[in-house]
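Undergrad: The lines below spell out each chain.
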Amino acid sequence: MSREFSTALNKITLLTFILLSTSCIKEVDYIAAPFTSQLVLSSIINPDSLIKAHVGKTISITDTSSAIVENAGVFLFENGVPIDTLDYQSDGWYVSNVYPQVGFIYRLETYHPAFSSVSSECMVPPPPQINSFLFTVGETLDQEGIPITRFTLRLNDPDPNINYYELILYSENPLDPIIQPTQLTRITQLDDPTLIADANWNYSPSTLFFSDALFNGIIGEVSFNLMWGGYPSPGDPPYYIELRNISSSYYKYLKSWSVHRFNQNSTQNTRDPLTLLFQGDPVELYSNVNNGYGIFGAYNQILKDATYIP
Amino acid sequence: MMVTRVVILLTLFFTGYAGRAQQCVIHGYVKDATTKESIIGVSISNASFTLGTSTNNFGFFTMTLPQCENDTLVARFVGYQAQRFKIDTLANGPIEILLTVDNNMTKAVVITDNNDPTLTNKMSLLTVPVDQLKKMPSLFGEADVMRVFQLMAGVQGGKEGTSGINVRGGSPDQNLYLLDDVPLYNVNHIGGFLSTFDASAIKNVELYKGSFPARYGGRLSSVLDIRMKDGNMKKRQGEYAVGTLAMKLNLQGPIKQDTSSYFFSLRRCNFDLLTRVAALMGSQGEVQTGYTFFDLYGKVNTLLNAKQRLYVTVYAGRDRIFINSNNKAVNPSEYSSKFLSNIAWGNQMASVRLNHVFSSKMFGNTTLAFTRYAYNNNVSGQQAPYGSNDYGEKTRIQFTSGVTDLLVKQDFTLQVNDEHSLQFGVNVILHQFNQGRIKYTGPNAGTSSLGSQRGNNLLGFENVAYVEDNIKLGEKTGFSVGVHLSNYNIQRKSFYSVQPRLLARRKLGRRSVVKGSFVTMKQYTHLLSSNGAGLPSDLWIPATSALPPSNCMQVALGLGGTLSEDKKWDWSAEFYLKKYTNLVEYQEGVSFFSNDESITDKVTNGGVGRVAGIDLQLQKLHGRTTGWCSYTLSKNDRRFDSLNNGNWFPFRYDRTHVATAVINHEINENISISATWMYSTGSPVTLAQQQYGAFNYFNYQNNPQADDPMYSSFPTAQIYNGRNSSRMPAYHKLDLAINFTKQLMHGSRTWNISIFNAYNRQNPFYLFYRVDRADQRIKLYQLSIFPIIPSVSYTRMF
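Chains A and B, in that order, are what the protein sequence lines are. Residue numbers for the first sequence, in my numbering: 1 to 310. Residue numbers for the second sequence, in my numbering: 1 to 798.
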């Protein structure tokens, strides 16, 4: 609701600004500060896939050329022991022949004569444990009197260490195999303390992510309201719930990315520059790559079929 | 042992005072001879100018002389003829000195310490004669006192076109705005283009940017002390004005001749008159939209007896943005709808003050007051089927926030002798904070999840006591020693503060003075404001144990004086250092509109700040041509553990260089011209320097070939090289004004023609990147708000 409120407030204030101001937009002569381009290493691994990495570079903010690095040396280490050299595939992608294993520490080192070398490491977490999930229909109504569906997920969290999770609900449309994160727009109210604390809901995240800070070592629960179209219904295509146990670096990256993207000082996401007035200050994107940029993270997942069965 | 020492010291102290008890004490009021309005800041001295004092905020003075016989006193105030008068040793009650306006003297714009900076225990103080404001260039034809302060050393404007002030590196919420002794929380109309202070209603205004007297407290960076007009005691007077932005009316006059008077002023913004019509025409009569504001001032004062005067003051101001639509369904498949959105915010203030002259040496003032800032956003809608007028129950969402204060205040002035003048008093303030409440009413309100409210009221008690001794040791040396004690209680947590206020002065030669000061301040409220955008969404929150009060310590060292015996020119140079602790700031990436989070989740605290700067000012005080030029060199940084990786960064109001020039010239009695120019280093901004493709794994996994940027596997990440590490282009502009005044049979009229931003400088409001659709290159753009803006206003005084 407060999301709707803030949207309305935004629009009204924007309109007033437009009415009041004879604003003018003009190009500014931009002289880039001198900088040294650095390597960007990106890889998210899981036990079901071969380890892949993408290598790019940083370029000037006004540069429109390719930022892909094609002839880098990318080396994979497992628990400190070199085990593979990744082969270049295409479009900046490098692929190994290794499936990562739970509890092992993997390290990627990347070399290129034109750049300083970069490295990063992460550990694959164990798979998460879903205790139960439930769709409850019609206990509350929205402001137009339409029944609200509440989704509740219970998960076992026996690990005494802090764990991080990512939750994805999606229906697999056979006519459109591309899964868009439209389910998030169907969440009408985020009142769950875990999600309020962690999910960065104000920044339009692609998926729901959260930590076990409020249920560490016990059975945890997250729940939220879904409006019509956001839950399995008669006649709908198969509907899935995917829960991921994600590494801390991947969690920090997801959290940082949503805020970073939301507050960028460009109109990439909207053509209206006035909306930039209502953003917060820009925020640097989290990176765990030494001497460079990017992310090396991991996850393990469990998939549950939640297709509507009459 | 310690107690004994203190008692002995106090005994010696007051014994010293008592030893001088045989001296002659003169007290009374200084008033305008025509209107009987009391005059603030009038210099009273003996004939040899070796002893002196000045009138307080009620026009009252008391002065101790070594002997009474055959002495003459001189009362002087800029714009008035100096008045010499013999001391009446037989007078029992307060005397009344009437000053006559000097029509033959071109009024000076005095912007520093009282009339003679070498003789007063004041420092870092700026004042402006209010009648001069109206002659200076204005935006949309509306004179604004805050804009004039922006042209002075050590004071900066926040953003283009805004009237908010940032004093010596502080933020706008760190300014204490006092209207007749009562704080106001929000002093800006929308966007900060205009302040709530109507120049027509103001009698006197002072801005302390440091060296705060002990009676002030509660804000870290400045005190703006504004006194409203009391009203003409002799005859009815009025003024109305019509300008591009607003129209206004004020009336004043006696209720009972020489005993009581009233003052009333109303100002109203004209924008809604235009926007209503434009919106109706553009929507075939279905939509009305607009913005307006008003400021209403009222004041009554009456002399109860020879020793007591009562003042009642009210102020109410409100800004309002509205959209009102009424859409009729045109076919059976549609619904007719009514929609109303109304955002209103503003201050209300009321006070009752009682002056009491206890004796020739002691003056007291009691204040009971109420002040409130409220923000209210109402959105409502109704629907009706096609062809029906039954719109059913209204759905309404309301958001409110604000702060309300009730205060009781007692202030005393005690002229102990010619060397010591004590000021002391106590305040008790009850604060009530509404930290934001949302309410939903309408169909299904009982069952809807929107039916709940959130946010709550917090109560805080603030207790203050202060004492200050202004000490004059001969003609050349002076001290001001004071302490401001405060105690603040909220949520069972108490905060205490002892704030020393010290100032020392030593005259150098005949025309120069060196001054030094040390002060500390504490602020028990925090303002959450969208990043300098000047929006109506200011949210005041109290200091709590989670967000402790902020502190500031300031040290200043100044040199100043006059350049010649006729005091036509004076100059000042002040070096200052400030240190802030316990500052509050939004968390990285958070803005006001991300309002799902609790307040403590939105902000980070424990920040520290450091400011160093030097203010230089040279001004010409008298003659047909007056004005000043100023320059400030400063550095202003902040550091928070959770921002910018814990590194220092330039504060958003950091301006390395600020230079201003103001010239006023009286061509003849009827025509005057004025020009102001200002330059400042561009404001710091967090601006992307580099970019790279950030891996969006979810999108890659599900759509590795997507071209849509929204679902790109490698959307752009930006690299900023630190918070506020870049600068906007420099800010500068020239404003011009010409005034044509004509004396009429009854009163006068003035045409003011102003040109804001005369050479049409496109100053940046903010910067952003955008892909140029023509060549598909990423380019940097700036948005400017105010191009050259001519305006005209007409003022009729009667």
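Some hints could be false.
What the hints assert, rightly or not - Chain B residues, not near chain A, derived (Cβ > 12 Å throughout):
hint	residue
1	Asp-131
2	Pro-500
3	Thr-625
4	Val-685
5	Gly-693
6	Ala-717
7	Gln-718
8	Ser-725
9	Ile-738
10	Leu-744
To be verified - EDC-like, lysine to aspartate or glutamate: derived pairs with alpha carbons at most 20 Å apart:
hint	chain 1	residue 1	chain 2	residue 2
11	A	Lys-255	B	Asp-601
12	B	Lys-779	A	Asp-29
13	A	Lys-252	B	Asp-390
14	B	Lys-439	A	Asp-159
For the record, the hints were derived by calculation from the structure and aren't laboratory data. Glycine residues also receive a C-beta, built at the ideal position from the N, C-alpha and C atoms.
Undergrad: Hint by hint, say whether it matches the structure.
TA: How the hints compare with the structure:
1. Asp-131: Non-interface label on Asp-131/B holds, nearest chain A Cβ at 29 Å vs cutoff 12 Å.
2. Pro-500: At roughly 36 Å from the nearest Cβ of chain A, Pro-500/B sits farther out than 12 Å, so the non-interface label holds.
3. Thr-625: Label holds. Min Cβ-Cβ 34 Å, cutoff 12 Å.
4. Val-685: Per Cβ check, Val-685/B is inside 12 Å of chain A; nearest 8 Å; violated.
5. Gly-693: 5 Å, violated
6. Ala-717: Ala-717/B not clear of chain A: closest Cβ-Cβ about 5 Å, inside 12 Å.
7. Gln-718: 5 Å, violated
8. Ser-725: Contrary to the label, Ser-725/B does not stay out of reach of chain A, its closest Cβ about 9 Å off (not over 12 Å).
9. Ile-738: 23 Å, holds
10. Leu-744: Non-interface label stands for Leu-744/B: nearest chain A Cβ at 35 Å, farther than 12 Å.
11. Lys-255/A with Asp-601/B: Answer holds: Lys-255/A to Asp-601/B is near 15 Å, not above 20 Å.
12. Lys-779/B with Asp-29/A: Satisfied, since the Cα-Cα distance of roughly 9 Å is no more than 20 Å.
13. Lys-252/A with Asp-390/B: Status violated; Cα separation ~53 Å.
14. Lys-439/B with Asp-159/A: 41 Å, violated
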